[in-house]
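Protein chains in written order, with my numbering: chain X, 321 to 682; chain L, 18 to 169; chain P, 835 to 1336.
What the hints contain is simulated information worked out from the structure, not anything from laboratory work.
Hints are supplied without guarantee of correctness; some may be wrong.
[What the hints assert, rightly or not] Pulled a few chain L residues facing chain P out of the computed Cβ check, cut under 10 Å:
{"#": "1", "residue": "I27"}
{"#": "2", "residue": "E30"}
{"#": "3", "residue": "R37"}
{"#": "4", "residue": "E40"}
{"#": "5", "residue": "A56"}
{"#": "6", "residue": "Y75"}
{"#": "7", "residue": "E161"}
[As the list claims (entries may be wrong)] Label pairs and their calculated CB-CB ranges:
{"#": "8", "chain 1": "L", "residue 1": "N52", "chain 2": "P", "residue 2": "T915", "range": "55 to 63 Å"}
{"#": "9", "chain 1": "L", "residue 1": "N22", "chain 2": "P", "residue 2": "T896", "range": "45 to 53 Å"}
{"#": "10", "chain 1": "L", "residue 1": "L76", "chain 2": "P", "residue 2": "E1291", "range": "51 to 59 Å"}
{"#": "11", "chain 1": "L", "residue 1": "L147", "chain 2": "P", "residue 2": "I878", "range": "35 to 43 Å"}
{"#": "12", "chain 1": "L", "residue 1": "I151", "chain 2": "P", "residue 2": "E999", "range": "44 to 52 Å"}
{"#": "13", "chain 1": "P", "residue 1": "E1291", "chain 2": "L", "residue 2": "K51", "range": "39 to 47 Å"}
{"#": "14", "chain 1": "X", "residue 1": "N365", "chain 2": "P", "residue 2": "R965", "range": "40 to 48 Å"}
{"#": "15", "chain 1": "P", "residue 1": "E1291", "chain 2": "X", "residue 2": "L669", "range": "32 to 40 Å"}
{"#": "16", "chain 1": "P", "residue 1": "E1291", "chain 2": "L", "residue 2": "R29", "range": "28 to 36 Å"}
From the three backbone atoms N, C-alpha and C, an ideal C-beta is built for every residue, glycine too.
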Amino acid sequence: MRLEPDRDYRIPSACGIIGIMSQNGERFNGELAIKAISCMRERSNGLGGGFSAYGIYPEYKDFWCFHLLYDKENAKSSTEDYLKKFYTIKKDEPIPTRKIDKIQKRNILWRYFLNSQIKPTDYTDKNEEDFVVDTVMFINSKIEGAFVVSSGKNMGIFKGVGYPEDIGRFYCLEEYQGYLWTAHGRFPTNTVGWWGGAHPFGILDWSVIHNGEISSYGINRRYLLNYGYQCTLFTDTEVIAYLFDLLHRKHKLNFEIIAKILTSLFWEEIERMPEEQKKFYLALRITYGSALVNGPFAVVVANSNTMVGLNDRLKLRPQVAATKDNFVYIASEESAIREICPKPDRVWLPKAGEPVIGRLRN
Amino acid sequence: MVDKNQKRIIIREEYCMGCRLCEVYCLVQHSKTKNIIKAYKGEYPKPQPRIIIEEKGYLSFALQCRHCEDASCLEACITGAMYRDKKTGAVLCNEDKCVGCWMCIMVCPFGVIQRNRTTKKVASKCDLCLGEEIPVCIKNCPNEAIIFKEME
Amino acid sequence: MTKKTAISEFIVERDKEKCITCQVCCRMCANDVHIHDIETDEIISDSNKCVGCHFCETLCPTGALVIKRNPSELKINANWTKEIINDITKQAETGGVLLTGMGCDKPYPIYFDHIVLNASQVTNPSIDPLREPMELRTYLGRKPEKIEIKDSKLEIEIAPLLRLETPILFTAMSYGSISLNACIALARAAEEVGILYNTGEGGLHKDLYKYGKNTIVQCASGRFGVYKEYLEAGAAIEIKIGQGAKPGIGGHLPGEKVSEEISQTRMIPVGTDALSPAPHHDIYSIEDLRQLIFALKEATRYKKPVGVKIAAVHNIAPIASGIVRAGADFVAIDGLRGGTGAAPKVIRDNVGIPIELAIAVVDQRLREERIRHQASIIAGGGIRNSADVIKAIALGADAVYIGTAALVAMGCHVCQKCYTGKCNWGIATQDPYLTKRLNPEIAKNRLVNLLRAWSLEIKEMLGGMGINAIESLRGNRDQLRGAGLSDTDLKLLGIKPAGEAW
């Protein structure tokens, strides 16, 4: 793996985050997210910004949509050769962008809509989603110069080096309509940014934006290794995404319980509970001790049906939540929410370890 | 009647090592100079410790005046030199009044009163190190084989 | 008859100005070093007998005694050192195996002293343990891989676990190698702090049954004292396959030391030698071990964790993996520096590997095989301070065993003469004259103090790393860096060199 300036060194993040969701599935364009994130400009330093959007490809909603970032042309051809072995490419095209002075485009940005060719009988212990995860892991670690930015259905991640509002304009996000948007502005402590290092980080239809630094990264990463998740990016955000994938998709735990795993209750609190509850939380913490995330963090994790906001056990990074009608907002600052929603029905500061969950209603 | 707040020396023979450091410090405390090297080497006649070490096989313990509730020596004293200190409850000997008849030594059931061999012909015994916060034998016992505790 | 030529290790220096001939030293030395000459009223010290335990020096009321290393020197020789020459001399005189006590004292590299820790700054705030809760609680035993929930209720059963309030335990020191007072002190300290102590292979004295909740009972190759009530008394059972000080060989308590009480506790006749054979004679393969583990679990109705203690040797990783698959709930690894009451010197100093490497490779191997959650790792053998505890946990251990450190807290000066049974501090002896010297109350308080001090230091260091629960440190090698280690060392330990960022 060629050493990219900030690709191969773990950069702690300090930043601004915003998540907006319409629980009824009403679609709105990217302008709202851009407006909110630009309000928190001071939280970034122009070295990284990104957006995730859900519901933006309704006509291809049954296809896997891969957003790819290539350093050079032969990375693109190697990747396409690899993809053609296992998938049919329904459609592929460059991701539309416009010229913005402040964004120096150095990469090839492409998107593919794929159908997997594998049949259920091909693998006994894996399903299609595991297969897609394997594909992404392979491309990221083995094909030099290629990086899968997002790999979900009917969703996409758009990111790069620059202030997030500039990135938003660069990708023409005002032309997309989605029911769930997240946005992130980055303040990495390194000089040269790498496009793939910006947030959101995505795998399958998960996207994670993160403000914080994980002190328990060393053990979270090794724990995930057991389950086949390779943390190739050296960013903290990766472990959060993989932990959510493991606990929700594989271990089938709901988001409230996942929150209690990542930000476990203190032993003293568990001691004070009634017997039945105490046994449950003891078992939870004992089993998932290596999944406890220590260190300051405020994250917004999204998938096709849900948006979850979570804080660390000591609430060392800010996070504000608000609701209006069926809309849910989660942000680093209240001003960002009020910029796009001047009169929310309810505004509150979530407690440490208490998740804020927005759910798509069917 | 022993006051509940008054402390006495409690012996725990299971912890006594037989080192006799209690004896050393008792001697120093009752010397003129109160300096350990001078007390042993410089003072003549040598000061007398008020503590007696009982030993048999591997059992040993330090014995000193029990400052009995019902003190035989107090009754036996012909001059009234033996008296009880109101504050600590200790039985003390006023050496100015003592004539050295040694009746107290005869009646003491524990045998902890000794003939003083230094200057005057008086009875010599433990005085709970009056003036000190805690008797020096207890302070310096390396294994807490003697302790200072309220009587229950 | 040839004169003895081995040079004594220590000389006793007495300051004649300060010596008051109180004779405390004469009375207190179990090796009869100090003799009072009645005619001259002077004390004469025979330095040849001095073992360097410093008991007399500690007690001397005027500080007149100093115990020094004997300056009588042979010609400097890096290869034929004084110690080696002395050892040969002693063997020429006796024809016997040289014995020694405590742990390996040779200058093999101490990896703990080449590992440094992280602290958070700027991008990640450090946590102040006086302001925020800092959790050291640890659970040992077999843990499930995942939780099954049905109708918001817990479906699976969690196997029995041991709860420790701090990740430190007292290692196995048998009643027989140490005095009953020392055992009582360890048991009471374990109870007060909320951890466990280990009976060692000497069985459980009847006075100690009441501390059962805080006891790990050991089932060693001699099976001393192992019977139904013994197994049920403890909170867990440990099968002792080996120990770090003497991997591969058994143990021997001479008949002279088997007193009435020892005989009752170990269940052997008074005055007979207590021989622990080298292997368990019913464990000649891994499947035999599995049989024993499950026999013990059946005997205790699966209510207690059953673990295995092994010495750290070259193949420690596959051995540990086999043990976990054989059904052990915890694996205790004893490193090269582990202590003992008596062992042949040449084995203690040459057999085994350092615990730091053992923890790292076992943890990595178990994770690779995806069985790390099935057993807890307890690491011991030269844990000297709270930094060693943190480093051991960061390398992958769940908790640590301390032995020598606990004895030093009780007064031991590591003179390595435990096998003589003449421990002046009353720790490694059964002589009633000497065992009185260890007051269990005082010793217990000192042990509690030690653990309290270490726990506070651990909390400070955790807070400095930005961590507030010990689970987030376990196996978190990113918090460690190597200073002055070779590439291979770094690779085996799984840590980066100091200077490299994330």
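Cross-check of the supplied hints:
1. I27: violated, 13 Å
2. E30: holds, 9 Å
3. R37: holds, 6 Å
4. E40: At about 8 Å, which falls below the 10 Å cut-off, the nearest Cβ of chain P leaves the hint on L:E40 intact, so it holds.
5. A56: This hint holds: L:A56 lies near chain P, its Cβ roughly 8 Å from the closest one there, short of 10 Å.
6. Y75: It holds, given that the least Cβ distance between L:Y75 and chain P is near 4 Å, below 10 Å.
7. E161: Holds. Min distance 5 Å.
8. L:N52 x P:T915: 55 to 63 Å: Given a distance of about 45 Å, which is not inside 55 to 63 Å, the answer is violated.
9. L:N22 x P:T896: 45 to 53 Å: violated, 36 Å
10. L:L76 x P:E1291: 51 to 59 Å: Given range 51 to 59 Å: violated, Cβ gap about 42 Å.
11. L:L147 x P:I878: 35 to 43 Å: holds, 39 Å
12. L:I151 x P:E999: 44 to 52 Å: Between L:I151 and P:E999, where Cβ atoms are some 34 Å apart, the hint is violated.
13. P:E1291 x L:K51: 39 to 47 Å: holds, 41 Å
14. X:N365 x P:R965: 40 to 48 Å: Distance hint for X:N365, P:R965 is violated at roughly 30 Å.
15. P:E1291 x X:L669: 32 to 40 Å: Given about 35 Å between the Cβ atoms, the range holds.
16. P:E1291 x L:R29: 28 to 36 Å: holds, 34 Å
The structure is inconsistent with the numbered hints 1, 8, 9, 10, 12 and 14, although it conforms to all the rest.
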